[in-house]
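Got chain A; can you put chain B on it based on the hints?
Protein chains: 2
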Amino acid sequence: LEGGRLLPVKRSLQALNPAEIAGLLESLPPQERNVVWEMVDREDDGEVLLHLADEVREGLMREMDTAELVAAAEELDIDDLADFIEHLPETVTQQVLKALDADDRARLESVLAYEPDTAGGLMNTDTVTVRPDVSLDVVQRYLRLRGDLPPHTDALFVVDRYGAYLGTLPLDKILTRDPDSLVQAVMEHEREPFLDTLSDREVAQRFENADLVSAPVVNEKGILLGRITVDDVVDVIRAEADHNLMAMAGLDEDEDLFAPVRKAARRRALWLGVNLFTACIAARVVGMFEATISQVVALAVLMPIVASMGGITANQIVALMVRGLALGQVGSGNTGALFKKEIAVALINGLLWGLVIALVVLFWFKSPALSLVIGLALVMNLGCAATAGVFVPLLLRRLRLDPALAGSVVVTTFTDVMGFFLFLGLGTLILIH
Amino acid sequence: LEGGRLLPVKRSLQALNPAEIAGLLESLPPQERNVVWEMVDREDDGEVLLHLADEVREGLMREMDTAELVAAAEELDIDDLADFIEHLPETVTQQVLKALDADDRARLESVLAYEPDTAGGLMNTDTVTVRPDVSLDVVQRYLRLRGDLPPHTDALFVVDRYGAYLGTLPLDKILTRDPDSLVQAVMEHEREPFLDTLSDREVAQRFENADLVSAPVVNEKGILLGRITVDDVVDVIRAEADHNLMAMAGLDEDEDLFAPVRKAARRRALWLGVNLFTACIAARVVGMFEATISQVVALAVLMPIVASMGGITANQIVALMVRGLALGQVGSGNTGALFKKEIAVALINGLLWGLVIALVVLFWFKSPALSLVIGLALVMNLGCAATAGVFVPLLLRRLRLDPALAGSVVVTTFTDVMGFFLFLGLGTLILIH
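Read top to bottom, the protein sequences are chains A and B.
Quick note: the first sequence uses our numbering, first residue 176, plus one each step.
Quick note: the second sequence uses our numbering, first residue 176, plus one each step.
To be clear, the hints were calculated from the coordinates, so they are not data collected in a lab.
Possibly wrong hints are sitting among the right ones.
Identical chains share a label here; the pair holds if one copy fits it or two copies do between them.
[As the list claims (entries may be wrong)] Listed below are the simulated DMTMM-like cross-link pairs for lysine to aspartate or glutamate, each with C-alpha atoms no more than 20 Å apart in a straight line:
#1 K515 <-> E284
#2 K541 <-> D216
#3 K348 <-> D323
#4 K515 <-> E363
#5 K515 <-> E207
#6 K541 <-> D279
#7 K396 <-> E207
#8 K438 <-> D219
#9 K273 <-> E249
#10 K273 <-> E261
#11 K273 <-> D258
#12 K185 <-> E207
#13 K273 <-> E230
#14 K348 <-> D312
#15 K541 <-> E465
#16 K515 <-> E201
#17 K348 <-> E243
#18 K273 <-> D229
#19 K273 <-> E365
#20 K273 <-> E415
#21 K273 <-> E250
#22 K396 <-> E233
Pulled out of the complex, with its shape left as it was, chain A reads as follows (with noise of 0.2 Å):
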C-alpha cells in the first residue's frame, strides 16, 4: 500500500468477506483506511460499515453523500437495515424509507420499534413459517416452490392459522422422515420461543446453553415475531466481552484502535480527571500525616509497597465479580459465602506477604517497629481491597450502573486511601508514640 500500488490491494480485497474488510479498516491508520474504503466494492459498502466499530463507522460516513448512504442502505437484510438506519441522519433515513416497498416498510419498522439491546431489537422477520396439519410432502414442495431459504435457517417455524408459535420443524426432520407424517407429528417443542422484550445478553446466554443456531421471538400473547440467528448471538457475545475488558480500564468498547488524536485526548481526558480527583484525596491523606514523615522519612519510602498490594488483590476479585456477574452466577444468594471466601484468601495472603515484607524491611531498615508497623498495615489493608473488591462491584449493579467500572480507578482509589490511611497511622501510633 505504501508503494502506492493500488491494483493488488484492490484484487485482495475482492477475496474478503465484509466482517474482514471491515476489521482490514480497523487497523489502518486514518489515512490509508480512507484510501482502502474508496477501494471496496459499493455493493459490499452497507454491509462493511455494519461490522465496524462505532467510532470507525462515523469516521467513514461523514465523508459519504446521501446518494451513497441511500444505496449502501438498499443492499441490506432488513435486521441488518434496522440497526444501520439509526446511524444515518434523518434526512437519509427518510429516503431510504422511501425506497423501500410497502412490506419491507412495515417489517422495518416492527424491528425499529424494539430497542437494540432487546431480543425484538435482534431478530430477523424472514422467518419461514408452515402449518401444523399438513405433510412434510407439502411442505417440500412449498419450499421447492419458494425457492432459496434465508440465510441459518435451520428449521421452519410452525404457527396456527392466527400466527401463534407451535413449535419447530427442523430441516433435518424433513428430509429424514416419511413424507406422509404430519408437521405436528415431526415438530419440536423444545425450543422456547424468546420473549420480544428479553434483553440481549440473556438471549445470548440461552443460545450459548442450548446450543442454537436459531431461535423464534414471540411477543406476549406468543404470536411469531421473527426468528433470531446465532451469528448475531456471536456479535452480542463479542461486544459484551470487549465491553468489560475496555469498561475495566474506564474506555469504551466502541473505542478505535486510530480515533483522530484529539477525539481520543477528550474521551481519555474524563476518566484521569476523575483519577486525578480521587488521587487528590489520597494526597490528603498522606498530607494528615506530614508531621510523622518529616519525622521518619522511611514511611514515605515503604507507604507505596502497602498501597500496591492492596490494589492488586481489590483488582483480582473486581475481575472475577464482573466476570460472575456477567454470567449471573453472582447474587444476592452467594454473597456472603463469596465475601467469607475472599477475606479469607486475603488475610493468608496478607499474613504471608505481611511476614515477608516485614523481614525485607528488618534487614533495610534495622528497626523492629517499623518491620511491626509494615506488616500490620498490610494485612489490614489487604482485608480492606478483599471487603471493597466483593462489594464495589454489588454496589454499582445496585445503583444501575457498570461494575467493570468497578476496576482501576474506584477501588484502586480506595485501597490506595487505605493503604496510606492504616500505614501512616500505624506509624504514628507505634513510631512516634
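Same frame as chain A, but now just chain B:
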C-alpha cells in the same frame, strides 16, 4: 435449599439443560454444590462436567469412583469425549477406551492426536458425506434411510472417492432445488475448508467473519477429517474473552468462584509476590531521594498522584492493545502509527492535567517551584506510560507470552518507578539545588 427441601430443587434441575446446571453449580459454595451435584441425573453427568470450569470439575471428579466416571464418559459424543478424557486419570481412560467399539475408538484417537486448541482438536468426526455425481433425489433417499442427522448439520460435505473435500451441500439446497440435479451442480465452494492445524483463535475469527454454522476440516492433502460446529466456536470465543479479562488481573480464566480458600490463596500469592518484588523496586527508587523528602515532605504527599495518573494511562492503552492483538488488528505494520497517536494523546492529557494539578498544588502549598515540578513530572510520566502501554504488550507477544499479563503488575510497576523517579528527581533538581 437451605431449608433442606430437596424435592423441589430436584424437580427444577430436571428442567435445566447441562450447561445451565453447570452454571448453577459454579455459582454455589462447595457444600451446597455437592448436594446439588448428587441430585443431577446420572445421564447428564458427563455433559455437565464438560461445561464446568476446570477447577470446579476437578473438585467434583475427585469425589467420583471409576465406575461413575466411565458411565459419565459413555454418554458423550466423540468430540466431547476427547475433551473429557484429558481430565481423567490414566486408569479410568483405559476403561473408557475398552468400553468403546472399534469404530468409535479409532475416531476418538484421531481427535486426541490434535492439540485441543487447534481445528483438529475442536472438530467432530460425525460428518455426513455425499458423492458429487449423484442426484439430489438419491441424496434424499439416502438421508431418509439414515435417519436423524448429527446436531448442527446445516450442510453435507461432498467428497471424491478418496475422501478429498470438494464442496458443501447445504440442506436447504437439497430441499429447494430440482431433485434431478446432480450434487456437483448444486454444491457450494465458498466454504473454504479449515486445515487441521489451524489455531482455535483463527477458527473463531473465520466463523465470526463468515457467519458460519459448520465448516469442514481437512488435512494438508485435502482429505476431509471432520467438521467444526458453531456451538464449539462460541465456547472458544467466550473462553478467549474470559482469558483476557482475567489475565489482565493476573488470574487464570478457570478460576473457580468458590475455589477452596487454601487453593485460591496459593494461586493469588504468586502474583502478589511478583507485585511485592516490583513494589520494592519502586520503594528503592523513592529511597534514593530520602534526603530530598526529609527537606520537602510535600514531595512524599504528592508523589502518589504522579504515579497513579501514569498507571491509569498505561492500563487504558494496554486494554486497547490486548483487544487489538486478540483480533489480529495490531501488528508490525501499524505499531509506529499507533505509538505516534498514543504519545500525542498522552501529551495532550499530560499538559491539560499537569496544568490543573500545578494550580491545585499552588493553592495548597503556595510554592510555584513545587507546582512546576509536579506539572513537568506528570507530562513526562504520561509520555513514559504511553510508551510502556504500547510496547510492553508487543514485547510480551514477541516473547511468546500473553500480552494481557502486561496489565496491572508489569506496566504499573514501570509507571510507578518512572513517576517517583521523575517527580522526586525534578524535585531534587529544582527545589534543593
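Hint check:
In this assembly of identical chains, the alpha carbons of K515 and E284 never lie at most 20 Å apart, being 51 Å within a copy and 44 Å across copies at closest. Taking CA atoms no more than 20 Å apart as the test, K541 paired with D216 passes in neither setting, with 73 Å inside one copy and 63 Å between copies. For a Cα distance limit of 20 Å, the shortest separation of K348 from D323 qualifies both inside one copy, at 18 Å, and across copies, at 7 Å. Taking CA atoms no more than 20 Å apart as the test, K515 paired with E363 passes in neither setting, with 45 Å inside one copy and 57 Å between copies.
Only between protomers do K515 and E207 lie at most 20 Å apart by alpha-carbon distance; the minimum there is 15 Å, versus 54 Å within a single protomer. For the identical chains of this complex, K541 and D279 are neighbours neither inside a copy (81 Å) nor across copies (69 Å), given an alpha-carbon limit of 20 Å. For the identical chains of this complex, K396 and E207 are neighbours neither inside a copy (52 Å) nor across copies (38 Å), given an alpha-carbon limit of 20 Å. For the identical chains of this complex, K438 and D219 are neighbours neither inside a copy (28 Å) nor across copies (52 Å), given an alpha-carbon limit of 20 Å.
Taking CA atoms no more than 20 Å apart as the test, K273 paired with E249 passes inside one copy only; the shortest distance there is 11 Å, against 59 Å between copies. Only within a single protomer do K273 and E261 lie at most 20 Å apart by alpha-carbon distance; the minimum there is 16 Å, versus 59 Å between protomers. Only within a single protomer do K273 and D258 lie at most 20 Å apart by alpha-carbon distance; the minimum there is 17 Å, versus 54 Å between protomers. Within a single copy, K185 and E207 get their C-alpha atoms as close as 13 Å, which meets the 20 Å cut-off; across copies the closest is 60 Å, which misses it.
For the identical chains of this complex, K273 and E230 are neighbours neither inside a copy (27 Å) nor across copies (57 Å), given an alpha-carbon limit of 20 Å. In this assembly of identical chains, the alpha carbons of K348 and D312 lie at most 20 Å apart whether taken from the same copy (12 Å) or from different copies (16 Å). Taking identical chains as interchangeable, the C-alpha atoms of K541 and E465 lie at most 20 Å apart only when they sit on different chains, with a minimum of 16 Å there against 23 Å within one chain. Proximity of K515 to E201 under the C-alpha cut-off of 20 Å is restricted to the inter-copy arrangement: shortest distance 17 Å between copies versus 45 Å within a copy.
In the homo-oligomer, the alpha carbons of K348 and E243 never lie at most 20 Å apart, since the shortest distance is 44 Å inside one protomer and 34 Å across protomers. Within a single copy, K273 and D229 get their C-alpha atoms no closer than 25 Å, and across copies no closer than 55 Å, so neither meets the 20 Å cut-off. In the homo-oligomer, the alpha carbons of K273 and E365 never lie at most 20 Å apart, since the shortest distance is 41 Å inside one protomer and 34 Å across protomers. For the homomeric pair K273 and E415, neither the shortest alpha-carbon distance inside one copy (34 Å) nor that between copies (43 Å) is at most 20 Å.
Proximity of K273 to E250 under the C-alpha cut-off of 20 Å is restricted to the intra-copy arrangement: shortest distance 15 Å within a copy versus 56 Å between copies. Taking CA atoms no more than 20 Å apart as the test, K396 paired with E233 passes in neither setting, with 39 Å inside one copy and 45 Å between copies.
Violation of the numbered hints given earlier is confined to hints 1, 2, 4, 6, 7, 8, 13, 17, 18, 19, 20 and 22; the remaining hints are satisfied by the structure.
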